[in-house]
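So you can see what is in the structure, the chains are spelled out below.
Protein chains: 2
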Amino acid sequence: MTKLLRVNLTNLTAVFSDTPENYAGLGGRGLTSLVVSQEVKATCTPLGPHNKLVFAPGLLGGTNCANANRISVGCKSPLTGGIKEANSGGQAGGYLAKMGIHAIILEGQAPEGKWYQLEVDQESAKLVPATVAGLNNYDAVAKLVEQYGPKNAYVTIGRAGELKLSAASIAFTDRELRPTRHAGRGGVGAVMGSKGLKAIIINPGDAKGVPLKDKEAFSEAAKRFAKALSTHPVTSQGLTLYGTAVLVNILHEAGGLPTFNFSQGRFDGHEDVSGETLNRLTTERGGEGQVSHGCMTGCIMRCSGIFPDKNGKFMGKWPEYETLWAFGPNSGINDIEMIVRYDKICDDVGVDTIDVGAALAVLMEAGVLKFGDAEGALKLMEEISQGTALGRVLGSGANLAGRVYGVRRVPQVKGQSLPAYDPRAVKGQGVTYATTPMGADHTAGYAVTANILSVGGTVDPLSPDGQIELSRNLQIATAAVDTCGLCLFVAFAVLDIPDALVAIVDMLNARHGLTLTLDDVPKVGKLVLDTEIGFNQRAGITSAQDRLPDFFLDEPFPPHNKVFDISDEALDSTLKW
Amino acid sequence: MTKLLRVNLTNLTAVFSDTPENYAGLGGRGLTSLVVSQEVKATCTPLGPHNKLVFAPGLLGGTNCANANRISVGCKSPLTGGIKEANSGGQAGGYLAKMGIHAIILEGQAPEGKWYQLEVDQESAKLVPATVAGLNNYDAVAKLVEQYGPKNAYVTIGRAGELKLSAASIAFTDRELRPTRHAGRGGVGAVMGSKGLKAIIINPGDAKGVPLKDKEAFSEAAKRFAKALSTHPVTSQGLTLYGTAVLVNILHEAGGLPTFNFSQGRFDGHEDVSGETLNRLTTERGGEGQVSHGCMTGCIMRCSGIFPDKNGKFMGKWPEYETLWAFGPNSGINDIEMIVRYDKICDDVGVDTIDVGAALAVLMEAGVLKFGDAEGALKLMEEISQGTALGRVLGSGANLAGRVYGVRRVPQVKGQSLPAYDPRAVKGQGVTYATTPMGADHTAGYAVTANILSVGGTVDPLSPDGQIELSRNLQIATAAVDTCGLCLFVAFAVLDIPDALVAIVDMLNARHGLTLTLDDVPKVGKLVLDTEIGFNQRAGITSAQDRLPDFFLDEPFPPHNKVFDISDEALDSTLKW
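Residue numbers (the working numbering), protein chains in the order written: chain A, 1 to 577; chain B, 1001 to 1577.
Any given hint might turn out to be false.
Claimed, not checked - Straight line, CA to CA, 27 Å or less: simulated DSSO-like cross-link-like pairs of lysine-lysine:
(1) Lys-1562(B) with Lys-41(A)
(2) Lys-41(A) with Lys-1213(B)
(3) Lys-1213(B) with Lys-1003(B)
(4) Lys-114(A) with Lys-1370(B)
(5) Lys-576(A) with Lys-1041(B)
(6) Lys-370(A) with Lys-1114(B)
(7) Lys-1576(B) with Lys-379(A)
(8) Lys-1313(B) with Lys-1344(B)
Bear in mind the hints are in silico, worked out from the structure with no lab data behind them.
Construct the complete structure from the given sequences, taking the supplied hints into account.
Below is the structure:
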């Protein structure tokens, strides 16, 4: 029997209970969204005591299924005002699953200025006064490791979460006990901060793994699944050698790389900030640098990488594609070492690199600093932790930065900034940005697959035709993937190798003693999306918010000079079934 | 025949046309809301070229009806994301009406950094490069008066409007050519700034007044109306002697004066910032000070007042009650001269005193400065014009300030800050704040009348009973009053003296050749509200936004220790008929 851990920051209690029946069949995003939908009043103040913050490993978490140890974090978002699920790699998801903890649900709110940390092991959980309040993530984790030892997973917020900034993230330690993995989007770190919880210490002890209803069947399916991942060129070569940054040159080539705050689709300095450059510098410098690094136990794609400085010392993790894009082309900066530093600051202070990078470009558009001003950007990034007004604005993300600075061209939907694919040149992404209940989010329905990579078919990225169906199918599939705790990148293999999805279903059945078929996968995805859309409707988010800002409809986007020309009616059909 | 003036800032055109039939029967708020509803796509970017800004005098504007020369300003609000009407005194409304200009509709958008001013006389209108860009309102108006002379009305934005801050107002000159009257709420000044329009110069020339279908009947009704106003104690004594600040002591006594960011309902220093103190100091100091000053031609209530410094020189206008409240009790400041200075800064830089004052208290709650720190507040106020990050945050109003500073207790509805009456102690106001399509707005349905002043009956302010009906009736009546161009304060007389409303209807009939009856008044009000609610629904604002923040439901409010206890279902019935 799995169990829930309910932690109340008002009463300072931490209580285990058996998982109730209505939550039992779900994990990951499916579970966090259901709990938020069932237990949180949709109109509540996001930073108030009535919001809840839910952590849940996925349905395949803790097994030896490849890439299944993601952790989902859910709440009402202070950034979007709607439901939010952000998921992360790192060690916490796998540990919780092995410990039989179905979810941790944070409730209530400590008095302003009081900070706690939550100690969790297999048998017990308790809140104790925080020992690391005021520290950013690297120092906080280092001190917690001193205090509690190296065998735990650590979940922390940095200063941004303490300041309750709308782009604050929650950090999860990787296998090297570094806070490099983040539930980044939607301000989940601000919600953790609002509760008064600075850290969670997850001690798996001797937890041996989750029970399997049919070990042999599971093992056989897991092997087939791993084989698919190690066969597909994206999951076995592209991501492995160049990280997600493999996309920089690809999107530049496609003319869909938003540059200078979404003003054009190609960036002269793209080579300088590409995955190829990450790979080359890391290989040349050696030392602690590492190409093909896995961010969590069980990862066989190993896209995360470690970037060494000129002396071979750890300088930061490889920035993700979206991070390189946000601080690179979109801000006019082509200095990859500076971007590694910005990324490290984001990991440390605990903010979403996408929303903060997009905010930086919006501030550049406002004239606060010039596009390409890498030193100015560094100073500004350092202000987040200092809590200056400008630092807070930056750490609040692009939408708030745009509002405070009176900027018209703010790339956001539902208050969340658009990521690294221009919706005019990758129109399937535009549909996803507009319609996902999460606010603009590339992962919610990653149409780059068929639009750009010819994965799972081909849909012309510049034409409006076929984008609605593409985004719909991907959004449904993604909700299911996120419920399993699988890394989204398994989708590359799943979309091209039919047996990969069969293997996932076989694993779910073997793990939980179910009799799912392939047809059940979209049913789960739709159920999750319906739950999320229902919450958003109760929160006052309607189809009127399923729109891109005017400038994407008005301004032709070089080099293809297209506008976003998918009608409101078509957008409104995306998540209807 | 009245005419519309359409001004396009993209094409730099200004064109008169006959008023089309569907706009002909309306004025003021009824007209601005109809134009916005008909011509502005509800999902457009508020600071983009697709928004429009509409100025319209009321149906009784330009006549010798007392207090009928208000001007309405409408647009999609950058503060609330919904429809906005803010109205103002000053000379512009009466002048436009006399010139036969039914409305000015601003469209399009000048290129970033280009500033224009609009010259309007009876026969012509044109856009010319602005001569006063970069100046705040007092300097801008002084320079415009030098350029164009003293016989015009001037409509300007200060630096806040140029910076497109969400709390930016539009200033209208009073009879002394001072920019003391403002369409304050909802960021209408930011919309004017986004168009690239710095000023409007309205030259009435020899415009003699509006045509009356039945002069005698009008004159007779106007006399009866004036008599009602000069008979009712509020409109002939309370407001006249003490300004709207007459309410400070009254609300303190009632325990409904929000103090220290809505933490308690009484303020020890209330006497120091009261209307009685304004009156006493003004009388004692003499000089340019003036008790009982009218803000526009035709005003017989004369509530505006001029505050003299110790040497008898003009220091600022009498702050309104809501201004005194926002910078006084709600910020813990009891220094009336300092509040006059803050008010003058607001008039000069061009911001809403309510939202900026409420933002100041939110920043105090966040620890940026201490409650009661009058000198710190002054420095902060001066930062708005400087455009510092903190100044911009302050000038963006309470909601954005709260979001940037991670504050849980932010008094706002639909992004607009609550004014000076706590919804737990004046529950009819709470219903109005929650449900008006304008965002929290006291004027939209001023239940203080029956809740506190025993005007128009008596409804216990602390009980939930009767508040829905009270707010509904007042919201309907107010929409009609705002359509006539009448100062809202006529409502005090109208609510207690039955003939006052008859006189208004008689004047409307005599002015326009209509055959309205008393029953038509609520019909007009409902039509206006339905128009506004329809726009908001298309903009994605639902009943989920018709809610007060959680803390009003959670925290008992001293001294009465009540919470806001009107159900969501009841709130949702308010504007249904």
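Evaluation of the provided hints:
no., hint, in the structure
1, Lys-1562(B) with Lys-41(A), "holds, 22 Å"
2, Lys-41(A) with Lys-1213(B), "violated, 56 Å"
3, Lys-1213(B) with Lys-1003(B), "holds, 18 Å"
4, Lys-114(A) with Lys-1370(B), "holds, 20 Å"
5, Lys-576(A) with Lys-1041(B), "holds, 24 Å"
6, Lys-370(A) with Lys-1114(B), "holds, 20 Å"
7, Lys-1576(B) with Lys-379(A), "violated, 53 Å"
8, Lys-1313(B) with Lys-1344(B), "holds, 14 Å"
Checked against the numbered hints above, the structure breaks hints 2 and 7 and satisfies the rest.
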